[in-house]
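Q: Model the placement of chains A, Y and P on the given structure of chain U, informed by the hints.
Protein chains: 4
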Amino acid sequence: MATSDRSILLNSDMGESFGIHSFGNDDSLLTLIDTANVACGFHAGDPSGMRETVVKSVAAGITIGAHPGLPDLVGFGRREMKLTVDEVRDIVQYQVGALKGFLDAEGVELDHIKPHGSLYGMVAKDELLMGAVCDVAENYGVAVFGMANTAHESVAIERGVPFVAEFYVDLEYNAQGGLIIARRPQPTPVQRAVERTLLALEEGVALADTGERIPMRFDSICVHSDTPGADKVAEAIRHILDTNTTSPRKAPHV
Amino acid sequence: MATSDRSILLNSDMGESFGIHSFGNDDSLLTLIDTANVACGFHAGDPSGMRETVVKSVAAGITIGAHPGLPDLVGFGRREMKLTVDEVRDIVQYQVGALKGFLDAEGVELDHIKPHGSLYGMVAKDELLMGAVCDVAENYGVAVFGMANTAHESVAIERGVPFVAEFYVDLEYNAQGGLIIARRPQPTPVQRAVERTLLALEEGVALADTGERIPMRFDSICVHSDTPGADKVAEAIRHILDTNTTSPRKAPHV
Amino acid sequence: MATSDRSILLNSDMGESFGIHSFGNDDSLLTLIDTANVACGFHAGDPSGMRETVVKSVAAGITIGAHPGLPDLVGFGRREMKLTVDEVRDIVQYQVGALKGFLDAEGVELDHIKPHGSLYGMVAKDELLMGAVCDVAENYGVAVFGMANTAHESVAIERGVPFVAEFYVDLEYNAQGGLIIARRPQPTPVQRAVERTLLALEEGVALADTGERIPMRFDSICVHSDTPGADKVAEAIRHILDTNTTSPRKAPHV
Amino acid sequence: MATSDRSILLNSDMGESFGIHSFGNDDSLLTLIDTANVACGFHAGDPSGMRETVVKSVAAGITIGAHPGLPDLVGFGRREMKLTVDEVRDIVQYQVGALKGFLDAEGVELDHIKPHGSLYGMVAKDELLMGAVCDVAENYGVAVFGMANTAHESVAIERGVPFVAEFYVDLEYNAQGGLIIARRPQPTPVQRAVERTLLALEEGVALADTGERIPMRFDSICVHSDTPGADKVAEAIRHILDTNTTSPRKAPHV
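Chains as they are written, first to last, in our numbering: chain U, 1 to 254; chain A, 1 to 254; chain Y, 1 to 254; chain P, 1 to 254.
Extracted from the complex, chain U is given alone in its bound form (with noise of 0.2 Å):
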């Protein structure tokens, strides 16, 4: 399939600043996404925010997917936690039903769950704990973003939950095709990020921190909001999404 013929989303973290805690650069990038994925509220987000962010991503004219997190601010979300199968389901179910009522007073639907930090980690390499995820999925009858050949994928293709998978731009992959999160993301110069993209969409293929090429298949691109810079990455992503694929930005709501 020639590249031109894909649909391909661009997708981005939102909502997580906190209180009087600001944090990245939502208002730049709400322009050029196709879909937020909100925080929640355990990794960060607050209910005032959460309810902004929805406001803010409606006028926008873009979807809304939930983003919940671990239960730890302080760490951000990005401290594993040892969780039983039971207590993911309901940390997720908790803070996705709690975005969805930001929703329904908008009157908008919910679009996604898209876990997140070590969350995302945790459930891309434990069947048990992304069925958990899916079991909140199938609740609502929305899709779950993640990585292909993970976990992520496979519970949810086996439970009939709609799968999108993610390519990061903005991060690492090692030579396994795993994502290396430090606490304190780095920012990517735009010509990297080009590069990736262009790399990924033509050739199907990332390269590993360690050089090698690794497969990579995906629905969506996730550009982070947080690193300075992040607008000028999501304006090129969005600028080559826009002329080789099926997918240009839909015109806001009005």
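Calculated directly from the structure, the hints in this document are not laboratory data.
Among these hints, one or two may not hold up.
Copies of the same chain are indistinguishable here, so a pair counts whether it falls within one copy or spans any two.
Each computed SDA-like pair below joins lysine to any residue, with the alpha-carbon atoms no more than 20 Å apart [as the list claims (entries may be wrong)]:
1) Lys125 to Asp27
2) Lys232 to Glu153
3) Lys232 to Asn244
4) Lys56 to Pro185
5) Lys82 to Lys125
6) Lys56 to Ser28
7) Lys232 to Gly178
8) Lys82 to Asp126
9) Lys125 to Arg79
10) Lys56 to Ala105
11) Lys232 to Arg213
Treat the numbers as computed from the prediction; the structure is a model and nothing was measured.
A: Relative to the frame of chain U, chains A, Y and P by itself:
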């Protein structure tokens, strides 16, 4: 209207355990009450406890309302906080949405919203804050539980939000009809709760802590779960309601 | 007394980042101020951030005080809470003790206690609550920072606790001499801060937001770290203090 | 060495209530134990509860150690978290410092540090993390409580930090000498606790859950406060220690 023509519900605050810290006599009360007000994680409760309380309540055949509180676990939501109207709306929406998710998972409806502790008191005396609670009730088309002759009732009526007036048999009232809420409530002798209930049902009156007779209009009686002997109080009130009103307890789902 | 005979300290609230969420211009201000008020984890700050702020402050050669706040991260301690005298003493003791541990580890002394945000405001108008703060100050034999002509001063004096009166160059005062604290403070133009400082130093007066001249007695000037341009304000005030008073900034430890 | 020549202390985790949520049989145990490990607010406990526990412990004439835990109230510090060495040092320092403040206020010394729950387990098997605990112990010149033949002991000895080996009479051990910690521990029959204690005192051995005899070297016995009947267990162990060792319980301060 004769007592026997009235329908009076029995409600109780439930799910106020927190992690390993248990609280209240939930299991005993579930078989005696008509509707549960389930804590939503801000003053007490946690995701797994919320799910368990929802599952038990469904099994017991009772309806379920949300019991959102102030964001203050150490103070159990009993320390008044100065919040803006937006903040009250947002914390109530967040918590009610979180509970709604667990109800959706069990296929049952949200019955009502009853603010907890100091939030209950704050919105009883501030029409703008009560308006924020009504915003959330309208989002779900459900009733608000509260006290007659306060902003609870006046704002709900003005907004067209169904209102259920409560009578507390295990708390003291002052001469102005206000509740006297201690941080750590004392147990109520069964005989005293029975006398209060009969006086309220038969004469529409409660006795203030200073002895005055105050008018008491109500559609539901609240018994707390946490004081020693709360189950005995609930049992006695259940008996009165089953024999003196048109609202015997419904049989549980089977 | 001529201006040039006075010693005026420059203090600033520091360490109000929270996990990955950075806050303020701490690094710039550390080289300009005389003493840091370090957040202690309840309104902002976390254990690792506290240690880092202590280490940096020691390296910058400035003294360190504790900046305890209300237990309200989302509200940044700026939402008044009804607390008992015991609760105020206990949350202040807890936080000051926690900071003291990091000071002990670096071999430096606790310099003072300065309550944060709404706690600062609450103890300014309630002598019993201010007494609770003095209990903790006595436990360590340190001064309390606060506002002249409030319970801060009267109770400290009555108790024999050293008192350091502050003047805020980046906040507005009302005609009664009270501070007007916004949830999200606006930046102060440098010129305005300079004028306020000179007026206060030379005439012992501040201008209320409504224009009245109000008496302003102080031993220390506070500049906030979080508004854009806070470092420029601090730089200007530092210059004034170095040239107009007997308290040039001490050279850092070597 | 004959049993009767040994000195064995009885310790217990205390102050694990949280706000209005009570926990454990602290009042009963305070009269039976030699030293209390006081929770410091991260896995349980809150500032007012810490003060109350310190005051009661002083009145009971027992020594007081800090019982710092993981930052996880819902999980009661029993869900392992991936923390860096710095983070472990900083959360332990923060909590121990907080407790130290309440001890200073009562004029008593910090006796020791005993990590709680999963933190206890994490530092038992990771020398770098145990080193971080020792950093804090050195800051105060106090002992660490832990398990013989783990990183608890090896690192403490290497660092010259006094080490007190514990034996748990109300938890199961596996054949490797590791503790089996359930999220919600079961009560231990008094007779079983007595048998375990006598076997350990007389033969220096414990029975694994699979029946093997494992060597058990210890200077202190820990009884938990939270299981039903914990006070009866403590009473029986107290009697054994008073009659079989050189360490009868000291009379309380007067």
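Q: Look at each hint and say if it fits the structure.
A: Hint-by-hint comparison with the structure:
1. In this assembly of identical chains, lysine 125 and aspartate 27 lie within 20 Å of each other by CA distance neither inside one copy nor across copies; the values are 33 Å within and 37 Å between.
2. For a Cα distance limit of 20 Å, the shortest separation of lysine 232 from glutamate 153 qualifies neither inside one copy, at 30 Å, nor across copies, at 52 Å.
3. Proximity of lysine 232 to asparagine 244 under the C-alpha cut-off of 20 Å is restricted to the intra-copy arrangement: shortest distance 18 Å within a copy versus 47 Å between copies.
4. Proximity of lysine 56 and proline 185 under a CA criterion of 20 Å is satisfied in neither setting, with 25 Å inside one chain copy and 23 Å between copies.
5. In this homomeric assembly, lysine 82 and lysine 125 come within 20 Å of each other (Cα to Cα) both inside a single copy, at 13 Å, and across copies, at 16 Å.
6. Taking the closest pair of Cα atoms, lysine 56 and serine 28 come within 20 Å of each other only inside a single copy of the chain (11 Å); across copies the shortest separation is 34 Å, beyond that limit.
7. For a Cα distance limit of 20 Å, the shortest separation of lysine 232 from glycine 178 qualifies neither inside one copy, at 25 Å, nor across copies, at 45 Å.
8. Taking CA atoms no more than 20 Å apart as the test, lysine 82 paired with aspartate 126 passes in both settings, with 12 Å inside one copy and 17 Å between copies.
9. Both within a single protomer and between protomers do lysine 125 and arginine 79 lie at most 20 Å apart by alpha-carbon distance, with minima of 15 Å and 18 Å respectively.
10. In this assembly of identical chains, lysine 56 and alanine 105 lie within 20 Å of each other by CA distance solely inside one copy; the values are 13 Å within and 29 Å between copies.
11. Proximity of lysine 232 to arginine 213 under the C-alpha cut-off of 20 Å is found in neither arrangement, the shortest distances being 26 Å within a copy and 49 Å between copies.
Of the numbered hints listed earlier, those contradicted by the structure are 1, 2, 4, 7 and 11.
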